[in-house]
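Top line first, the protein sequences correspond to chains F and G.
Counting from 193, one number per residue, gives the positions in the first sequence under this note's numbering.
Counting from 193, one number per residue, gives the positions in the second sequence under this note's numbering.
The hints are simulated quantities; they were obtained by calculation from the structure and are not laboratory data.
On a predicted model such as this, the values are computed, not experimentally measured, just so you know.
Hints should not be assumed to be uniformly reliable.
Identical chains blur together in the list; that is why a pair holds if it fits in one copy or across any two.
Simulated crosslink set (DSS-like; lysine-lysine; CA at most 30 Å straight-line) [said to hold, decoys possible]:
| # | residue 1 | residue 2 |
| --- | --- | --- |
| 1 | Lys274 | Lys219 |
| 2 | Lys288 | Lys349 |
| 3 | Lys409 | Lys422 |
| 4 | Lys313 | Lys409 |
| 5 | Lys219 | Lys247 |
| 6 | Lys306 | Lys374 |
| 7 | Lys405 | Lys349 |
| 8 | Lys215 | Lys289 |
| 9 | Lys310 | Lys357 |
| 10 | Lys292 | Lys405 |
| 11 | Lys236 | Lys364 |
| 12 | Lys281 | Lys247 |
| 13 | Lys349 | Lys413 |
| 14 | Lys215 | Lys288 |
| 15 | Lys247 | Lys374 |
Protein chains: 2
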Amino acid sequence: MINLKNIKVISFDADDTLWQNEKLFRKTECDFCKLMAHYIEPTKALKILWNMEVKNIPCYGYGIKAFVLDMLEAALKISKGKMTAAETKQIINLGKKLIKSPIVLFEGAENTLKKLSKKYKIIVTTKGDLLEQENKVYRSGLIKYLRHIEVMSEKNKTSYVRLIKELNIKPKEFLMVGNSVKSDILPVLALGANAVFIPSQFTWFYEDGDASKIPSKNFMKLEKISQLIKML
Amino acid sequence: MINLKNIKVISFDADDTLWQNEKLFRKTECDFCKLMAHYIEPTKALKILWNMEVKNIPCYGYGIKAFVLDMLEAALKISKGKMTAAETKQIINLGKKLIKSPIVLFEGAENTLKKLSKKYKIIVTTKGDLLEQENKVYRSGLIKYLRHIEVMSEKNKTSYVRLIKELNIKPKEFLMVGNSVKSDILPVLALGANAVFIPSQFTWFYEDGDASKIPSKNFMKLEKISQLIKML
Numbered sequence: 193m194i195n196l197k198n199i200k201v202i203s204f205d206a207d208d209t210l211w212q213n214e215k216l217f218r219k220t221e222c223d224f225c226k227l228m229a230h231y232i233e234p235t236k237a238l239k240i241l242w243n244m245e246v247k248n249i250p251c252y253g254y255g256i257k258a259f260v261l262d263m264l265e266a267a268l269k270i271s272k273g274k275m276t277a278a279e280t281k282q283i284i285n286l287g288k289k290l291i292k293s294p295i296v297l298f299e300g301a302e303n304t305l306k307k308l309s310k311k312y313k314i315i316v317t318t319k320g321d322l323l324e325q326e327n328k329v330y331r332s333g334l335i336k337y338l339r340h341i342e343v344m345s346e347k348n349k350t351s352y353v354r355l356i357k358e359l360n361i362k363p364k365e366f367l368m369v370g371n372s373v374k375s376d377i378l379p380v381l382a383l384g385a386n387a388v389f390i391p392s393q394f395t396w397f398y399e400d401g402d403a404s405k406i407p408s409k410n411f412m413k414l415e416k417i418s419q420l421i422k423m424l
Numbered sequence: 193m194i195n196l197k198n199i200k201v202i203s204f205d206a207d208d209t210l211w212q213n214e215k216l217f218r219k220t221e222c223d224f225c226k227l228m229a230h231y232i233e234p235t236k237a238l239k240i241l242w243n244m245e246v247k248n249i250p251c252y253g254y255g256i257k258a259f260v261l262d263m264l265e266a267a268l269k270i271s272k273g274k275m276t277a278a279e280t281k282q283i284i285n286l287g288k289k290l291i292k293s294p295i296v297l298f299e300g301a302e303n304t305l306k307k308l309s310k311k312y313k314i315i316v317t318t319k320g321d322l323l324e325q326e327n328k329v330y331r332s333g334l335i336k337y338l339r340h341i342e343v344m345s346e347k348n349k350t351s352y353v354r355l356i357k358e359l360n361i362k363p364k365e366f367l368m369v370g371n372s373v374k375s376d377i378l379p380v381l382a383l384g385a386n387a388v389f390i391p392s393q394f395t396w397f398y399e400d401g402d403a404s405k406i407p408s409k410n411f412m413k414l415e416k417i418s419q420l421i422k423m424l
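Next comes chain F alone, as it looks inside the complex (with noise of 0.2 Å):
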């Protein structure tokens, strides 16, 4: 349970929580699968891909430049050297048409951030790439309800401590609501603030985690973003 009378400000996460993203992800990687379908079977395409998305993370980090970089060493990986400038354009191309692809908020995102901000103060918190990230949020007509966006190279306590000094506020008076039981849930439990689950039909395999055994202090779980309305 959650002690809702603390709360001062209310963090989104933003990618899977206001708007669908890992669903255009899974498209791009169906794409390069069909690009790759002449050198090796899709099943076997993608978890090279996979492989090379992890094993890039540290040197790379999120986003869509780190995985068309991905999507192109696997593809050399795949090809044993073979691959062709074609198929380089092909996959730089996909890069583009991701970043450039149009916001679709979930049902209720945008009513519920514009009642929510009449009461508290409403912020995004992502990772990823920052450029991008920014770009989203502006692009989905949400930020005339938000007073801040944090984009962070990693979501881990480190960064969420930071944050919430940054705000000046407690960590009882912060909630966080995501999608994510790895960057939006745990690391925020750990530092004592409140987290929302809101699970999404799609999420990233490498953000995957599960909520079934977290303890119910400063927590709870929900199925739609527009149910937080009727909690708040």
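With chain F fixed as given, assemble chain G onto it according to the hints.
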């Protein structure tokens, strides 16, 4: 002239103000031109690469990952679609090498931050890729003198206004130190804050600007970072 007794926060640009950066990019550009030498002469290759960089800024922003994707797209153009997989791989490796380059501090940078941090709140304000810039600050060994790292997607007036608001100070209490007229000096002076320009040996063509016509109000030019100690 700068009214020094007002200053509370000194903000340093990172690349080419605290440490060498552009020199490494120049070296990588040379390596790229060598790689392309069997298609086209180096000056022409460089021009195509520079045009590609500027064209892609709205899509990719700044930083090494963007630069690698620019090199790949430039190579596709230079080779007229004949680029080999080996060349794609070599370009990706040029990027990884650049990401892992050791940080070479400018002479006097550490001592200057050390001394000034006893009297002022010192922060770093930089532009570009979030993970990349944070990693450079951590690897520089300068983090112990810093109270905040601000990575902006663009160093414009809007970004500085937000930063000064978050620092909870007045513009006249803020001093920015940097090597780019366009990013470190003009937007800062435009909002009534102070700026010190320290030209560096190498400046990215995109950041070049004429400092000779800047009025002296709130502004100074120094030759070396260590001169700040005497001044402040």
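Evaluate lysine 215 and lysine 289 at a C-alpha cut-off of 30 Å and name the case that applies: within, between, both or neither.
Close inside one copy (14 Å), not across copies (32 Å); limit 30 Å.
State whether the alpha carbon distance between lysine 247 and lysine 374 is at most 30 Å within one copy, between copies, both, or neither.
Only inside one copy: lysine 247 and lysine 374 sit 18 Å apart there, 37 Å across copies, limit 30 Å.
Alpha-carbon proximity context of lysine 409 and lysine 422, limit 30 Å
within (20 Å within a copy, 55 Å between copies)
Reference check for the pair lysine 292 and lysine 405, CA-CA at most 30 Å: within, between, both, or neither?
Classified as neither: same-chain Cα gap 38 Å, cross-chain 39 Å, threshold 30 Å.
Is it within, between, both or neither when you check lysine 219 against lysine 247 at 30 Å Cα-Cα?
both (22 Å within a copy, 26 Å between copies)
Taking 30 Å as the upper bound on the Cα-Cα distance, should lysine 288 and lysine 349 be classified as within, between, both, or neither?
between (33 Å within a copy, 28 Å between copies)
Are the CA atoms of lysine 313 and lysine 409 at most 30 Å apart within a copy, between copies, both, or neither?
within (23 Å within a copy, 38 Å between copies)
Alpha-carbon proximity between lysine 306 and lysine 374, which holds within one copy, between copies, both or neither at 30 Å:
For lysine 306 and lysine 374, the Cα distance is within 30 Å only inside one copy (27 Å; across copies 37 Å).
Between lysine 349 and lysine 413, at a C-alpha cutoff of 30 Å, which is it: within one copy, between copies, both, or neither?
Answer is within; shortest intra-copy Cα gap is 20 Å, inter-copy 41 Å.
When Cα atoms must be at most 30 Å apart, do lysine 236 and lysine 364 count as within-copy, between-copy, both, or neither?
For lysine 236 and lysine 364, the Cα distance exceeds 30 Å both inside one copy (46 Å) and across copies (59 Å).
Please sort lysine 405 with lysine 349 into within, between, both or neither, judging by C-alpha distance up to 30 Å.
Answer is within: at 19 Å inside a copy they meet the 30 Å cutoff, but 47 Å across does not.
Between lysine 215 and lysine 288, at a C-alpha cutoff of 30 Å, which is it: within one copy, between copies, both, or neither?
Result: close both inside a copy and across copies, 16 Å intra and 29 Å inter.
Consistency with the previously given hints fails for numbers 10, 11, ordered from lowest to highest.
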